[in-house]
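This is what each chain is made of:
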Amino acid sequence: MLILDRLHFCRREAPGNLFLQIHLTQHSTQLPYPGLSSPTLDICDFQKSTGDRPIINLAIRGTNLAVIVRYASVQETSDHPWTGHLSVWNWKAGVKKCEKLDIPDTSHNTGLVFLREDILLHGSSLGLDLSLNVYHIPMSTPSAVACDLRLIEQLSLPSLKEEVEYVNPPLISFVNNPTTVPSFTESYNPKVTRLFTTDSLSSILVIEVMIDKGHDNWIYFFFIIHYRALLDRADRALFRHGNGQDTEARSVRWGEWGPEVTRMFWDYHDEYSVPLEAACRSRFFRRDGNIIEVYDFGADNPSGLGDKQRPRWDQFNNINGPAFPGDWFQDNQNYLLYFRLS
Amino acid sequence: MLKEYRKQREIQIKWTTITHLPPRQFTLSSHPRSAQQGTEAGVLYDAPHDGRFVYELRWTALPLKEDQAIEWNIVRPSDPQTVIVAHALSIEENDLLAFATW
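Chains as they are written, first to last, in our numbering: chain A, 1 to 342; chain B, 1001 to 1102.
In isolation and in its complexed conformation, chain A is listed as follows:
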């Protein structure tokens, strides 16, 4: 394929090529990380064309470091003009554990987040269909050749309506709180606590879908879900793969998994009125000017079961935008995850 002509997972010293390295630094000393055979990981070499550079994102949990390289396809199609390579490295050993090649995408989605050290979530879009790809990472490091990164489930987000107009295709990212995600050790020994990790699995993950309307106007959709809900799904998928019930990743429609365990907010603003969002444990914060809103997703109702009387979606208090979620998504269902506005 033409794609593979541009990206090589070995060092090539061709003039003008881009060479992607990851530098591992000890945060407290600002020195190269001690005890490693090499403080750098050689990821790939990219044959640069005029006008484009790959887009990179990293995520770390435990000894696993995930890196995605997303770049414009040489052979552009209207369906997936972007392709991507996702690899996971044991950064302490300096070796690649597994990888997934040629991941198509309509946009330059690079959002990555670990649900657990062995479960990685990646947001992607194909046409109007948005999804969360759930990957399983093996615990052991292969002795010889890196294995395929295994996709175990694809969770669809609500599909956009065909008549939705945007300048650039939707982008999916995660507003997550990294300190609340457990490593293997913590998963099996939950009494281990750190500064912000007293109850990590009750924490929320915020999935952000951004749509560029042009003229410096953006529509944001925030899907808020507990890590626990996604991890439970991933564990069930792993079980099915383990006993042979599933041989390939299941695609799960939004209506089958999402509305019961999520709450959706939407937001609209231009470049001059950008609010700030953040998540910590079960709380979602939003600051707009001098107002800070705190949405608590768990203090009163740790089960996350929703109030069926609530409206289908929630709008931040001061929104005065042109869009309404019902005009955007094909699947307009009630979002039931409980929250309390503090």
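No lab work stands behind these hints, which were simulated from the structure alone. Here a beta-carbon is modelled for each residue, glycine too, at the ideal position from N, C-alpha and C. Don't take each hint at face value.
What the hints assert, rightly or not - Over the 10 Å line for every Cβ pair with chain B, so calculated as not near, a few chain A residues:
(1) S73
(2) L101
(3) P104
(4) D118
(5) S140
(6) S156
(7) A229
Stated by the list, open to error - To spell it out: a stretch of chain B is covered by chain A in this simulated footprint if at least three of its residues, at any positions, have a beta carbon under 8 Å from a beta carbon of chain A; those stretches are:
(8) 1072-1081
(9) 1085-1095
Once you have looked at the hints, place chain B on chain A.
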């Protein structure tokens, strides 16, 4: 000081992880949040850029008081010609800052 710094650099302080990317040449999106900061364990990160590229990362402990002076720690690749294109933190678990360069 933090307010002043924010004003000077037109940055926004956002309590989030580094899932967004520093600005880069030929990025298709003109997303206003393309210059992102992030924090873990009370550390604020910034990726200053010259309009096209990021050559260094800066971080500081979050101030406790409004008028507290801020000292930025700076990390640069050993080769000054390389460009930082992504970074991620694992401070509490691994005392690790990882950043990617072209």
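Tell me, in ascending order, the numbers of any earlier hints that this structure violates. Violated hints: none; all satisfied.
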